[in-house]
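Sequences listed follow chains A and B, in order.
In case it helps, the numbering used here puts the first sequence at residues 1 to 399.
In case it helps, the numbering used here puts the second sequence at residues 400 to 798.
Honestly, the hints are just simulated from the structure, not real lab data.
Even glycine gets a Cβ: it sits at the ideal position worked out from N, Cα and C.
One should not assume that every hint holds.
Stated by the list, open to error - Restraint-style ranges between C-beta atoms, simulated for each label pair: (1) A:LYS54 to B:ASN481: 35 to 41 Å; (2) B:ASN408 to A:LEU159: 23 to 29 Å; (3) A:THR87 to B:LYS690: 43 to 49 Å.
What the hints assert, rightly or not - From the derived model, a few chain B residues whose C-beta atoms are all more than 12 Å from chain A: (4) LYS416; (5) SER460; (6) ALA473; (7) ASP480; (8) ASP594; (9) GLU605; (10) ALA660; (11) LEU672; (12) SER683; (13) GLU691; (14) GLU701; (15) MET763; (16) LYS789; (17) ASN792.
There are 2 protein chains.
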Amino acid sequence: MEFSKRVLNMQASPIRKLIPYAEQAKKMGKTVLHLNIGQPDLETPKAFFDYIEKHNPEIISYTHSAGLIELREAFSKYYKDNNIPFTPEEIIVTNGGSEAIIFALGAIADPGDEIIVIEPFYANYKGFAEMINVKLVPVRALPETGYAVPSINEFEAVLSNRTKGIIFSNPSNPTGAVYSEEELKTIVEFAKKHDLYIISDEVYREFTFDGTKHISTMAFGEYNRTIVVDSISKRYSACGARVGVFATKNRELYNQVMKMAQSRLCPPMIAQLGTIGLLEMDKSYIESVYKEYDKRRLAVYEELSKIEGAVFEKPKGAFYVSVKLPVDNSEKFVKWLLTDFSIENTTVMVAPLNGFYATPNTGMQEIRIAYVLNSEKLRFATKILAEAVKVYNNGRVIS
Amino acid sequence: MEFSKRVLNMQASPIRKLIPYAEQAKKMGKTVLHLNIGQPDLETPKAFFDYIEKHNPEIISYTHSAGLIELREAFSKYYKDNNIPFTPEEIIVTNGGSEAIIFALGAIADPGDEIIVIEPFYANYKGFAEMINVKLVPVRALPETGYAVPSINEFEAVLSNRTKGIIFSNPSNPTGAVYSEEELKTIVEFAKKHDLYIISDEVYREFTFDGTKHISTMAFGEYNRTIVVDSISKRYSACGARVGVFATKNRELYNQVMKMAQSRLCPPMIAQLGTIGLLEMDKSYIESVYKEYDKRRLAVYEELSKIEGAVFEKPKGAFYVSVKLPVDNSEKFVKWLLTDFSIENTTVMVAPLNGFYATPNTGMQEIRIAYVLNSEKLRFATKILAEAVKVYNNGRVIS
Numbered sequence: 001m002e003f004s005k006r007v008l009n010m011q012a013s014p015i016r017k018l019i020p021y022a023e024q025a026k027k028m029g030k031t032v033l034h035l036n037i038g039q040p041d042l043e044t045p046k047a048f049f050d051y052i053e054k055h056n057p058e059i060i061s062y063t064h065s066a067g068l069i070e071l072r073e074a075f076s077k078y079y080k081d082n083n084i085p086f087t088p089e090e091i092i093v094t095n096g097g098s099e100a101i102i103f104a105l106g107a108i109a110d111p112g113d114e115i116i117v118i119e120p121f122y123a124n125y126k127g128f129a130e131m132i133n134v135k136l137v138p139v140r141a142l143p144e145t146g147y148a149v150p151s152i153n154e155f156e157a158v159l160s161n162r163t164k165g166i167i168f169s170n171p172s173n174p175t176g177a178v179y180s181e182e183e184l185k186t187i188v189e190f191a192k193k194h195d196l197y198i199i200s201d202e203v204y205r206e207f208t209f210d211g212t213k214h215i216s217t218m219a220f221g222e223y224n225r226t227i228v229v230d231s232i233s234k235r236y237s238a239c240g241a242r243v244g245v246f247a248t249k250n251r252e253l254y255n256q257v258m259k260m261a262q263s264r265l266c267p268p269m270i271a272q273l274g275t276i277g278l279l280e281m282d283k284s285y286i287e288s289v290y291k292e293y294d295k296r297r298l299a300v301y302e303e304l305s306k307i308e309g310a311v312f313e314k315p316k317g318a319f320y321v322s323v324k325l326p327v328d329n330s331e332k333f334v335k336w337l338l339t340d341f342s343i344e345n346t347t348v349m350v351a352p353l354n355g356f357y358a359t360p361n362t363g364m365q366e367i368r369i370a371y372v373l374n375s376e377k378l379r380f381a382t383k384i385l386a387e388a389v390k391v392y393n394n395g396r397v398i399s
Numbered sequence: 400m401e402f403s404k405r406v407l408n409m410q411a412s413p414i415r416k417l418i419p420y421a422e423q424a425k426k427m428g429k430t431v432l433h434l435n436i437g438q439p440d441l442e443t444p445k446a447f448f449d450y451i452e453k454h455n456p457e458i459i460s461y462t463h464s465a466g467l468i469e470l471r472e473a474f475s476k477y478y479k480d481n482n483i484p485f486t487p488e489e490i491i492v493t494n495g496g497s498e499a500i501i502f503a504l505g506a507i508a509d510p511g512d513e514i515i516v517i518e519p520f521y522a523n524y525k526g527f528a529e530m531i532n533v534k535l536v537p538v539r540a541l542p543e544t545g546y547a548v549p550s551i552n553e554f555e556a557v558l559s560n561r562t563k564g565i566i567f568s569n570p571s572n573p574t575g576a577v578y579s580e581e582e583l584k585t586i587v588e589f590a591k592k593h594d595l596y597i598i599s600d601e602v603y604r605e606f607t608f609d610g611t612k613h614i615s616t617m618a619f620g621e622y623n624r625t626i627v628v629d630s631i632s633k634r635y636s637a638c639g640a641r642v643g644v645f646a647t648k649n650r651e652l653y654n655q656v657m658k659m660a661q662s663r664l665c666p667p668m669i670a671q672l673g674t675i676g677l678l679e680m681d682k683s684y685i686e687s688v689y690k691e692y693d694k695r696r697l698a699v700y701e702e703l704s705k706i707e708g709a710v711f712e713k714p715k716g717a718f719y720v721s722v723k724l725p726v727d728n729s730e731k732f733v734k735w736l737l738t739d740f741s742i743e744n745t746t747v748m749v750a751p752l753n754g755f756y757a758t759p760n761t762g763m764q765e766i767r768i769a770y771v772l773n774s775e776k777l778r779f780a781t782k783i784l785a786e787a788v789k790v791y792n793n794g795r796v797i798s
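Isolated chain A (complex conformation) (with noise of 0.2 Å):
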């Protein structure tokens, strides 16, 4: 029996890839230390389960294909908090941020039509973008910048009769780099210039850090060419309630997502009713979260810095940050981390970066790494890289 080609040519997933080579590690009796996944390790708020129990229906039926009302009512009012306008009926409820980048892609993109996309990305927009035979464009942002938007020059050199849009991550998925005005206006001047749709996904909008602010592609007005692409996964610790958002203000593009978003019926009415919970929380909660991820985020920047040859720039949002090695070939030394490697029988799994671009051999000396532990555990993590990178380099390599 054959297979399309659509399936053939996706990759396996690069983070969970090297998973069996962990599984080993551990089955050796090695403490494995995840910093690979962007899983976080915080309690999902207790608010969650209280609003299902209070709510605790009878039937587990379908929800309106956009969302219970409630919820998108919910949202709209945390978008407004963040002054971005998004009123109820500009919202689709999808099954995680996985879901609104697929509706994104599919109703502007049509097979062999191109989607300009800032590398390294998220990687999984690979798959979705394959899912539906979309051509990713990349352009690349460089370590050495802190992976910041490339030139304007750098967009129009890529640019086709069949692009039909732009997607990133501000914050991003893997850099943590988070854009400022004048780079975000690069791509919003693009994009008008030639008529592009913007996929801007926001994932982390909350986690900036050294007084960064998030900016909502939302904020340049561009309200027909703009998507939002929305997650509770990363900001309330609940990846696995499956809940994200598609959101536009461009009427006739809602209309034609909601087409989509029928046939599929809803997304998942329990994990619903929890979000309205999670969005009803004081603001407190994602402050202390907020405290928390930044304390990590400066105890991997203090250990990352005595990395000799590390090039990599002090992280400045989401939980990530992407650095340059002084080794050979990242994903050998990761894989080479869990087989060969450890300290007190503890060993450290990160990315290796090249599965987040879509330019074949790059990033080939980068890895990311999730900071997704304690400090305490992250600072020794952080160490045994230090160590790991010594000793990889000192020719004493099992290959």
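With chain A's structure known, arrange chain B on it following the hints.
Same frame as chain A, now just chain B:
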């Protein structure tokens, strides 16, 4: 701003597009009995919430992309109890049956490839296929034969070098037909002869009446070409949980689909937990639900039989019956029911069947009734329908 052809070609849900007329009727003070959507009125078993409460997770984290192993084990046991030999490693838990169908189509067909479908069919197949640019090629089942599987010649007639598989639901939504061993053999032999995949949607497995028995397509042993699509939505009155299943014994196909599953991370965790509770329930639950639907089925059948000129067979499965009515245009008739007809200030909403066909202008006199209300309400609703047909046909129609 322009939209993709893919989304422009997508039709609005044929079930949902008449909702504004129903809303208007309610505003005018009419009661509307909804037989238009497969949303059961039965309570979701408390076992769902009990299991969640008992296992009350601290973090709502990502699960395995194929679903929690405990859930896949519970599904495997359920399938084995139904003589369908799926192991946990052959099961991928999905966002409802919807996602399982998208995965199946996506893994076997590229843009422009063709999938044969027995029409009338579950209307959302169309949306899923359009989402990923796959072409549905219909073979028609007729109300006069109780919507039996067409002859092998009819399948042969639509075969092309781009045909990759066949999709159908059994028991059938929207017709209520249950396919015999002979009928299924037609499909399986055709698939074998031309090396096609079979996507067997068995969501209504438990609901077969009058001594008929559901035969899974897996019973024919064509393991490499058989994909089973399933869902807990109807069985447990849990449509909003969004828990479905993609299952196959074809290992390589499974691995290919896992790449799609990994990019969307995981199905909803809380609903996965609840589903374990549902699957662990005593069989007496399904038996009681079965009896209730059987009672309803007989009530609808009895009342429908009183409509002179209506063409249909006694439905044998699922909780639907499709009927050819002696009206000029069933969509017009359904609208008229909502805008111009009532008995005791009550009217009824059913689904025009045209939207369940891929062939244009087909099923123009047919409707689908979902028997998702109690017998008493159903009898009243069907009597309204019977009376409406008479009035509509006596020329007292306001168009």
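Hint by hint, which ones does the structure fall short of? 4, 5, 8, 10 and 11
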